[in-house]
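There are 2 protein chains.
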Amino acid sequence: MAETPKIRFGVVGCADIARKVSHAVALAPKAALHAVGSRSINKASAFAAANGFPASAKVYGSYEALLDDPEVDAVYMPLPTGLHVRWAVLAATKKKHVLLEKPVALNVAEFDEIIAACESNGVQLMDGTMWMHHPRTSKMKEFLSDANRFGQLRSIHTNFSFAADADFLENDIRVKPDLDALGALGDAGWYCLRAILWAANYELPKTVIALRNPELNQVGVILSCGATLCWEDGKVATFHCSFLSNLTMDITAVGTKGTLHVHDFIIPYEEKEASFYAATESGFDDLVTKWVSQPSKHIIKTDIPQEALMVNEFARLVADIKFNNARPEKKWPTISRKTQLVVDAVKASIERGFEPVQIQE
Amino acid sequence: MAETPKIRFGVVGCADIARKVSHAVALAPKAALHAVGSRSINKASAFAAANGFPASAKVYGSYEALLDDPEVDAVYMPLPTGLHVRWAVLAATKKKHVLLEKPVALNVAEFDEIIAACESNGVQLMDGTMWMHHPRTSKMKEFLSDANRFGQLRSIHTNFSFAADADFLENDIRVKPDLDALGALGDAGWYCLRAILWAANYELPKTVIALRNPELNQVGVILSCGATLCWEDGKVATFHCSFLSNLTMDITAVGTKGTLHVHDFIIPYEEKEASFYAATESGFDDLVTKWVSQPSKHIIKTDIPQEALMVNEFARLVADIKFNNARPEKKWPTISRKTQLVVDAVKASIERGFEPVQIQE
Numbered sequence: 001m002a003e004t005p006k007i008r009f010g011v012v013g014c015a016d017i018a019r020k021v022s023h024a025v026a027l028a029p030k031a032a033l034h035a036v037g038s039r040s041i042n043k044a045s046a047f048a049a050a051n052g053f054p055a056s057a058k059v060y061g062s063y064e065a066l067l068d069d070p071e072v073d074a075v076y077m078p079l080p081t082g083l084h085v086r087w088a089v090l091a092a093t094k095k096k097h098v099l100l101e102k103p104v105a106l107n108v109a110e111f112d113e114i115i116a117a118c119e120s121n122g123v124q125l126m127d128g129t130m131w132m133h134h135p136r137t138s139k140m141k142e143f144l145s146d147a148n149r150f151g152q153l154r155s156i157h158t159n160f161s162f163a164a165d166a167d168f169l170e171n172d173i174r175v176k177p178d179l180d181a182l183g184a185l186g187d188a189g190w191y192c193l194r195a196i197l198w199a200a201n202y203e204l205p206k207t208v209i210a211l212r213n214p215e216l217n218q219v220g221v222i223l224s225c226g227a228t229l230c231w232e233d234g235k236v237a238t239f240h241c242s243f244l245s246n247l248t249m250d251i252t253a254v255g256t257k258g259t260l261h262v263h264d265f266i267i268p269y270e271e272k273e274a275s276f277y278a279a280t281e282s283g284f285d286d287l288v289t290k291w292v293s294q295p296s297k298h299i300i301k302t303d304i305p306q307e308a309l310m311v312n313e314f315a316r317l318v319a320d321i322k323f324n325n326a327r328p329e330k331k332w333p334t335i336s337r338k339t340q341l342v343v344d345a346v347k348a349s350i351e352r353g354f355e356p357v358q359i360q361e
Numbered sequence: 001m002a003e004t005p006k007i008r009f010g011v012v013g014c015a016d017i018a019r020k021v022s023h024a025v026a027l028a029p030k031a032a033l034h035a036v037g038s039r040s041i042n043k044a045s046a047f048a049a050a051n052g053f054p055a056s057a058k059v060y061g062s063y064e065a066l067l068d069d070p071e072v073d074a075v076y077m078p079l080p081t082g083l084h085v086r087w088a089v090l091a092a093t094k095k096k097h098v099l100l101e102k103p104v105a106l107n108v109a110e111f112d113e114i115i116a117a118c119e120s121n122g123v124q125l126m127d128g129t130m131w132m133h134h135p136r137t138s139k140m141k142e143f144l145s146d147a148n149r150f151g152q153l154r155s156i157h158t159n160f161s162f163a164a165d166a167d168f169l170e171n172d173i174r175v176k177p178d179l180d181a182l183g184a185l186g187d188a189g190w191y192c193l194r195a196i197l198w199a200a201n202y203e204l205p206k207t208v209i210a211l212r213n214p215e216l217n218q219v220g221v222i223l224s225c226g227a228t229l230c231w232e233d234g235k236v237a238t239f240h241c242s243f244l245s246n247l248t249m250d251i252t253a254v255g256t257k258g259t260l261h262v263h264d265f266i267i268p269y270e271e272k273e274a275s276f277y278a279a280t281e282s283g284f285d286d287l288v289t290k291w292v293s294q295p296s297k298h299i300i301k302t303d304i305p306q307e308a309l310m311v312n313e314f315a316r317l318v319a320d321i322k323f324n325n326a327r328p329e330k331k332w333p334t335i336s337r338k339t340q341l342v343v344d345a346v347k348a349s350i351e352r353g354f355e356p357v358q359i360q361e
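Sequence order for the protein chains is A and F.
The numbers in full-length UniProt numbering rise by one with no breaks, and the one at position 32 of the first sequence is 32.
The numbers in full-length UniProt numbering rise by one with no breaks, and the one at position 85 of the second sequence is 85.
Note that these hints are calculated values from the structure, not bench results.
The reader is advised that the hints may include incorrect statements.
Only pairs whose alpha carbons sit at most 25 Å apart, straight line, appear in this in silico BS3-like list of lysine-lysine [unchecked claim]: (1) A:LYS272 / F:LYS297; (2) A:LYS6 / A:LYS58; (3) A:LYS290 / F:LYS272.
Work the whole structure out from these sequences, hints included.
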């Protein structure tokens with residue numbers, strides 16, 4: 001059987017994150033770097049030269065030109081969120097499969113425009129939430145799904161913060177209301193909310209209430225915020241995200257029988273291995289002066305880093321559509337949309353003075 | 001110089017926790033087990049025999065009789081919270097120093113009755129929050145107070161849960177409205193709130209809002225709950241406590257420059273050593289595929305377990321009053337009262353349908 005040809009990627013925009021994902025495309029067995037487009041042809045050329053594109057790669061001075069290249073199968077789109085609806089819809093119309101940076105959209109209405117375009121053109125949509133593709137994530141999920149080891153999820157806390165420098169806080173697209181109006185909520189909060197939904201088997205919470213005093217910059221973009229999420233069955237979640245605190249990224253999930261701790265869930269400490277801590281039926285000694293068992297550390301190795309695994313999974317789905325007439329996989333846009341719904345609810349709660357917001361699917 | 005005589009302890013009540021603290025009194029260099037009192041003389045005798053009391057120890061068939069023993073310097077009082085105000089006030093009136101189990105009282109009004117009695121009788125009041133006395137706690141505080149390593153606290157999450165068995169959920173005093181009406185909030189939540197206040201240098205939050213859907217038993221006692229706390233300066237805290245989830249006890253404190261993680265803050269995994277994780281100015285490599293530095297693990301050894309250190313610190317203060325005419329140390333009742341104020345605020349928020357409650361000192 002002949003080997004399936006690689007999926008040819010076009011990178012739409014030269015954002016910093018595009019460097020990492022271009023390297024990931026180069027690493028992913030099922031993908032190949034085919035083209036890069038920027039509003040400046042010089043910038044595109046410099047980007048291609050610096051980021052492992054082959055000599056044969058196409059370099060375009062506009063996004064439209066890249067999207068018109070019939071050899072491009074799929075695009076990776078790291079544009080500012082405010083531009084997603086325009087360019088992702090156009091890409092879908094041009095029959096390009098879309099790997100879209102998170103947050104997918106500024107709100108679920110825009111999200112729905114994007115997914116409608118992808119569905120009507122038969123192209124795959126996936127967001128750029130890399131940690132979903134690390135083998136550690138499925139190992140953690142096995143633990144959370146194990147009635148004997150973890151039981152039922154009862155509470156979960158997630159956080160993601162990093163201490164942005166003065167240049168970031170002044171100039172990064174993520175602090176600009178016309179580019180990434182969701183600020184830290186869309187950037188860092190997206191991961192926290194995805195982790196909560198992931199742990200809750202993507203069951204949407206009933207009620208979302210933002211924490212008081214989120215920090216905003218002078219033009220009203222969120223620099224830090226958080227929320228509490230409640231489900232009908234009594235499960236609760238809290239999260240906090242920030243551009244103003246030391247780099248931290250935790251999931252603490254507590255079930256009736258077990259506990260999961262992970263401290264580097266978005267970007268693992270190391271590229272080739274990652275760990276988490278699992279505890280089951282923890283308890284004290286008779287006099288309650290120490291624990292009888294401690295959480296166990298689980299280490300998961302991976303030869304291919306998570307961003308390349310993401311690209312490869314996306315390329316696998318695209319190849320299945322291209323060569324086997326498969327339908328686009330609904331799982332990825334479905335969980336993206338749920339994440340977007342909860343992001344929207346947190347934003348709405350902040351805007352309504354921290355009122356409870358009911359989630360409606 | 002003659003050695004200062006040991007402080008003679010009377011244990012008022014034979015609750016399960018009294019076993020641990022009796023052992024701690026025996027271990028504490030400045031303290032001695034002198035007497036135990038129970039409503040049943042047989043129970044008191046059996047307790048003394050089983051818990052390392054010397055043959056000379058007094059055994060009383062009522063709490064009053066123990067409090068009338070002129071040789072008792074100090075009492076340890078593990079009675080149900082609903083009985084604290086009666087017996088702690090009587091103990092103070094009898095000039096006994098009072099080491100009182102937490103929660104100190106059912107509400108701050110009762111707390112104030114207890115502290116007024118202690119102050120007017122010149123006796124020391126301290127609550128039984130053992131982890132405050134572990135040397136790890138002061139090491140963690142050094143880290144949190146270090147402007148270069150931790151910066152300013154911005155967010156903190158704490159939790160404490162344990163999976164109570166059917167017998168506990170049916171019969172323990174902590175699920176009885178007439179004995180420990182604060183349930184999981186007073187028992188497990190007390191630690192979570194103390195940890196938050198401790199990390200915030202005991203600055204009271206401005207606003208407390210309980211999480212929705214706390215779990216209550218059939219007679220209305222809290223089995224699980226949580227809250228968000230906000231300060232004027234934008235700091236935020238969240239906590240969750242439960243009798244219905246796997247044993248878990250974390251502090252995750254994030255500052256502008258550093259992060260603290262500890263997973264066994266109330267009862268250390270081991271009796272003779274305990275650890276925490278500290279990170280400072282954490283960051284990624286250039287391509288954001290891994291961290292350039294990981295949190296460092298700090299291990300603190302102690303020959304004497306934290307409960308004995310607590311007893312010893314209490315005995316030191318009592319000895320200073322008894323032999324050196326010192327005044328009672330205000331630090332301990334002050335932080336107890338602040339903890340009680342926040343416990344009350346969470347309770348009030350639950351009772352008012354999760355409305356924000358302003359804290360007034």
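Going down the list of hints, with the structure as the test:
no. : hint                : verdict
1   : A:LYS272 / F:LYS297 : holds, 22 Å
2   : A:LYS6 / A:LYS58    : holds, 16 Å
3   : A:LYS290 / F:LYS272 : holds, 9 Å
Checked against the numbered hints given earlier, the structure satisfies every one of them.
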